[in-house]
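Student: The residues making up each chain are set out below.
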Amino acid sequence: MVLAGLDLRVDEGELYGLIGPNGAGKTTALRVALGLLRPDAGAVRLLGRDPLSAAGARPRRVGSLIEAPALSPRLTGREYLELIAHWAHAPDAEVDRVVGLLGLGRMTDRPTATYSTGMRQVLATAAALVGPPDLLVLDEPTVGLDPGHRRRVNDLLGDHVARGGTALLSSHQLDDAERLCTRVGLMAAGRLVEEGPPTELGPAAGRFEITVGDPEAALAALRARRLICWRDNGKVLVETGAPYQIGRPDGSAIARVLADAGVYPSDLRRSPTLELAYAAVTSSLAPDLPRPPAAEVW
Amino acid sequence: MVAGRVPDRAARHRYPLAGAVRLRARELARRPVVVAAFSLQALAVVAAELLAAISGEGLAGAGDDLILGGLRVTAVPGGLVFGVLVAAVVGAEFGWATERALLARDPRRLRFAGYQLAVAAVLALAWWAVQSLVAVTVAALLQAGGGIASGVAWNAPAHRAALVAALAATLVYGLLGAACALVLRGALAGVVALLAYGLLGELVLAPRWGPASDWTLYTSAARLAGQGTTPMARAALVVTLAFVVALAGCLGLYARRQVRD
Numbered sequence: 001m002v003l004a005g006l007d008l009r010v011d012e013g014e015l016y017g018l019i020g021p022n023g024a025g026k027t028t029a030l031r032v033a034l035g036l037l038r039p040d041a042g043a044v045r046l047l048g049r050d051p052l053s054a055a056g057a058r059p060r061r062v063g064s065l066i067e068a069p070a071l072s073p074r075l076t077g078r079e080y081l082e083l084i085a086h087w088a089h090a091p092d093a094e095v096d097r098v099v100g101l102l103g104l105g106r107m108t109d110r111p112t113a114t115y116s117t118g119m120r121q122v123l124a125t126a127a128a129l130v131g132p133p134d135l136l137v138l139d140e141p142t143v144g145l146d147p148g149h150r151r152r153v154n155d156l157l158g159d160h161v162a163r164g165g166t167a168l169l170s171s172h173q174l175d176d177a178e179r180l181c182t183r184v185g186l187m188a189a190g191r192l193v194e195e196g197p198p199t200e201l202g203p204a205a206g207r208f209e210i211t212v213g214d215p216e217a218a219l220a221a222l223r224a225r226r227l228i229c230w231r232d233n234g235k236v237l238v239e240t241g242a243p244y245q246i247g248r249p250d251g252s253a254i255a256r257v258l259a260d261a262g263v264y265p266s267d268l269r270r271s272p273t274l275e276l277a278y279a280a281v282t283s284s285l286a287p288d289l290p291r292p293p294a295a296e297v298w
Numbered sequence: 001m002v003a004g005r006v007p008d009r010a011a012r013h014r015y016p017l018a019g020a021v022r023l024r025a026r027e028l029a030r031r032p033v034v035v036a037a038f039s040l041q042a043l044a045v046v047a048a049e050l051l052a053a054i055s056g057e058g059l060a061g062a063g064d065d066l067i068l069g070g071l072r073v074t075a076v077p078g079g080l081v082f083g084v085l086v087a088a089v090v091g092a093e094f095g096w097a098t099e100r101a102l103l104a105r106d107p108r109r110l111r112f113a114g115y116q117l118a119v120a121a122v123l124a125l126a127w128w129a130v131q132s133l134v135a136v137t138v139a140a141l142l143q144a145g146g147g148i149a150s151g152v153a154w155n156a157p158a159h160r161a162a163l164v165a166a167l168a169a170t171l172v173y174g175l176l177g178a179a180c181a182l183v184l185r186g187a188l189a190g191v192v193a194l195l196a197y198g199l200l201g202e203l204v205l206a207p208r209w210g211p212a213s214d215w216t217l218y219t220s221a222a223r224l225a226g227q228g229t230t231p232m233a234r235a236a237l238v239v240t241l242a243f244v245v246a247l248a249g250c251l252g253l254y255a256r257r258q259v260r261d
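Protein chains in written order, with the numbering used here: chain A, 1 to 298; chain B, 1 to 261.
Hints may contain errors.
[Unchecked claim] Here are a few chain A residues that sit away from chain B, every Cβ distance over 10 Å (derived from the structure):
1. Gly5
2. Ala43
3. Thr117
4. Gly118
5. Val143
6. Gly234
[As the list claims (entries may be wrong)] Covered, in the sense of this in silico footprint (three residues per stretch, anywhere, with C-beta under 8 Å from a C-beta of chain B), are these stretches of chain A:
7. 33 to 42
8. 68 to 75
9. 79 to 87
These are calculated hints, taken from the structure and not from any lab test. Glycine included, C-beta positions come from ideal geometry on N, C-alpha and C.
Whole structure, please, built from the sequences with the hints as guidance.
Tutor: Structure, rendered in structure tokens:
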């Protein structure tokens, strides 16, 4: 049993990130979503249809990258992209488009057998973008990429969603997930433990970190406005997401409070919430997860 | 659907599967295993014809007719060698995991299996054309150069029948190889399965039991090429049955394929 009672919905226009420890079932969930695996029980819908259904004469508009890149070693990068375009009923112009998008250039004239791990990953990402697809399903798309390509892939994901596309991805890059995803699902032991916008997950949801020359003055100013705050390793932390918090001040509101008191921070940023949420899931929640009844098992 | 991003229908490929098969065929032509198998089989045919011409003992029961002998060798064991080659090249898709990328785009298992069988068919036609051309050309040159008079024209009915038998054997063994690779999901497993069936089953075990020896694909393909004493109708039936069973078996089993690797 890899997935247990997983209930996951990704709406159109979302960039949904699945995060969780190794063996949590993220890749299996993506395989089931794509129709590569058949669930033992339960229902799956991809773009409104059974992903395993053979009905309909055309390939669906879904681009994917699951685990290690799948490439034919004797084809050049361009020929491999052409193969995907043919298979997906996409025009040849699509190959030029994705080559340009990822800045692949003359690299695509070489056989894929000569590519480095990162280059293979970039080409496989390019293949996922051929279509263009309405839905992207990517399993750790930035693994093995250099910082430049990682940024480019992340930008492309953002552009894809900004143009109305949808993306479902799994990742261990928590900072990327926190910055890019509109919603994040935390998985452990085959179940979805927590789900929501990345800034509202885990114990650090809604927390701000302030670096300031006079922490005591900052604390006094914040407390005067009834904000929950404390000192931590030279920084001032402000809690804005706790359920007992009155109102939900954002970063600019906090900056105004400090400025009114004559305190000017050198840095004010949201605390990395996913990191703490992830730690909570992996350290305490996962071992105590109740086992679902057999009927709910996929 | 994302507005304004649907490619022009006219710009799409008219025959997308044919385009995919063409690219895969191009890829196969670059693979050392394919070049090696084509070369080894051609060398084997040339060597067999050369030895037959030198020894004067004939080839594959065709007497002085080296063209017929060469075409018979192309049918069997040439067909069996080709089956092993197809098991290797179709099975390689699983090692590269391209199956995963293609099925994620289009989950129709039968389309993927059909694509692999189409690739195998293209390779079979190339194999048959090259090996037959080598067999006929070298035999004709040896007969002309060595003053061997077979008394049979190059386009005699027996030659044409052997040519057709070579094509049938190539296609059926190729289909068997593809089926083994598709069902067992790997090159090595596919090759081992076909070798176990072809070498152990047909050439070692079946001849030890009279009733079975006349019902093997090897014996039947040889008979279609004009060799042996098996009734022609039975030989045609066995080859047809092997084709149908291999096709139905691999499509039926692959239809429920779950991509775990």
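Student: Against each hint, give a clear statement of whether it holds in the structure.
Tutor: Checked hints:
Every C-beta of chain B lies more than 10 Å from that of glycine 5 (chain A), the closest at about 20 Å, which supports listing it as non-interface. No Cβ of chain B comes within 10 Å of the Cβ of alanine 43 (chain A); the nearest lies about 16 Å off, and the non-interface call holds. Its beta-carbon lying about 15 Å from the closest one in chain B, threonine 117 (chain A) satisfies the requirement of being farther than 10 Å from that chain. The beta carbon of glycine 118 (chain A) sits about 18 Å from the closest Cβ of chain B, which is more than 10 Å, so the claim that it is off the interface holds.
Every C-beta of chain B lies more than 10 Å from that of valine 143 (chain A), the closest at about 15 Å, which supports listing it as non-interface. Look at glycine 234 (chain A): its CB is around 47 Å from the nearest CB on chain B, clear of 10 Å, so calling it non-interface holds up. For the stretch 33 to 42 of chain A, the assignment as covered by chain B holds, since 5 residues bring a beta-carbon within under 8 Å of that chain's beta-carbons and 3 suffice. Three residues within the 8 Å Cβ limit are the bar, and the stretch 68 to 75 of chain A against chain B gives 7, so the coverage statement holds.
Coverage of the stretch 79 to 87 of chain A by chain B holds. Counting CB-CB distances below 8 Å, 7 residues qualify, and the rule asks for three or more.
When each numbered hint is compared with the structure, no violation occurs for any of them.
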